[in-house]
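All chains should be built: construct the whole structure from the sequences, respecting the hints.
Number of protein chains: 2
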Amino acid sequence: MDSDVQFMREALREAQAAKAAGEIPIGAVVVWKGRIIGRGHNQTERLHDTTAHAEMIAVTAATEAMGGKYLNDCTLYVTVEPCPMCAGALAWAQMGRIVYGAPDQRRGFSLFSPSLLHPRTEVTGGVLQEECAALMLEFFRSKR
Amino acid sequence: MDSDVQFMREALREAQAAKAAGEIPIGAVVVWKGRIIGRGHNQTERLHDTTAHAEMIAVTAATEAMGGKYLNDCTLYVTVEPCPMCAGALAWAQMGRIVYGAPDQRRGFSLFSPSLLHPRTEVTGGVLQEECAALMLEFFRSKR
Numbered sequence: 000m001d002s003d004v005q006f007m008r009e010a011l012r013e014a015q016a017a018k019a020a021g022e023i024p025i026g027a028v029v030v031w032k033g034r035i036i037g038r039g040h041n042q043t044e045r046l047h048d049t050t051a052h053a054e055m056i057a058v059t060a061a062t063e064a065m066g067g068k069y070l071n072d073c074t075l076y077v078t079v080e081p082c083p084m085c086a087g088a089l090a091w092a093q094m095g096r097i098v099y100g101a102p103d104q105r106r107g108f109s110l111f112s113p114s115l116l117h118p119r120t121e122v123t124g125g126v127l128q129e130e131c132a133a134l135m136l137e138f139f140r141s142k143r
Numbered sequence: 000m001d002s003d004v005q006f007m008r009e010a011l012r013e014a015q016a017a018k019a020a021g022e023i024p025i026g027a028v029v030v031w032k033g034r035i036i037g038r039g040h041n042q043t044e045r046l047h048d049t050t051a052h053a054e055m056i057a058v059t060a061a062t063e064a065m066g067g068k069y070l071n072d073c074t075l076y077v078t079v080e081p082c083p084m085c086a087g088a089l090a091w092a093q094m095g096r097i098v099y100g101a102p103d104q105r106r107g108f109s110l111f112s113p114s115l116l117h118p119r120t121e122v123t124g125g126v127l128q129e130e131c132a133a134l135m136l137e138f139f140r141s142k143r
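One line per chain: the protein sequences are L and E, in this order.
With the first letter of the first sequence counted as 1, position 142 gets the number 141 in numbering that gives the first Met the number 0; the numbers rise by one all the way through.
With the first letter of the second sequence counted as 1, position 103 gets the number 102 in numbering that gives the first Met the number 0; the numbers rise by one all the way through.
Hints listed in this document are in silico derivations from the structure and should not be mistaken for laboratory results.
Heads up, some of the hints might be wrong.
Since copy identity is lost for identical chains, a pair holds within one copy or between any two.
Each computed BS3-like pair below joins lysine-lysine, with the alpha-carbon atoms no more than 27 Å apart [unchecked claim]:
# : residue 1 : residue 2
1 : Lys142    : Lys18
2 : Lys32     : Lys142
3 : Lys68     : Lys32
The following block contains the structure:
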């Protein structure tokens, strides 16, 4: 659990990088055997690409690092609950475990169907939830 | 409807390119005002990337071509029903219309939740269904 907090802090660092770039502040890291093998933050604005979510970028980087396709032995840490697109990507990658910070009440995958994930993927929510949610809240308030 | 068939033939051409490369034979094109602005075929093997689906590649190309993020005035033609990941991506892109060939009985988005798509996206299935399905069937038979 301590290492969950530690790696969520790394995901938060990515979220801060997104915030600094004027992007929706969501960050993610992929960890394998205690080591970060993929990082990403939301870049939909910069890349003009609605699919450039933190998770997609981190998973693609991790897959590259593993030299293979599946991430069964890896854990994804992400500051906000993945959307259905990212959940679908995590299913294809067979992600071993997903740890997220804040739930997403509008586009969180769990609102649609938990079976969007691979059946063997473990999920833990609520790690550093308040910090992760505060970043989002602050961002959307500043846009009003 | 004639143009649906015409553009599905272009998607089938992409699927053939996937087949020739030893990939799962799925192809897609994105059309805007009667013109193809994005093409893609499945490249999960070549790119070692489980997210490199035909639709993801075609949508990213189309978004780039449009110089913006949303594809409300576009139609995606894809030989097989999109999976939840691709449906989620099409939702973010606000794709105007989706035309697919063969249904996917295992990972088609409609098996999970139709609301994975943007609420204003129109969907037409079954265009050149037999040709699209035959390519898939032949591929999976050859793998046994």
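| request: With 27 Å as the alpha-carbon cut-off, assign the pair Lys32 and Lys142 to within, between, both or neither. | output: neither (39 Å within a copy, 33 Å between copies)
| Given identical chains, is Lys142 near Lys18, meaning Cα to Cα at most 27 Å, within a copy, between copies, both, or neither? | within (12 Å within a copy, 46 Å between copies)
| Given identical chains, is Lys68 near Lys32, meaning Cα to Cα at most 27 Å, within a copy, between copies, both, or neither? | within (17 Å within a copy, 37 Å between copies)
Checked against the numbered hints listed earlier, the structure breaks hint 2 alone; every other hint is satisfied.
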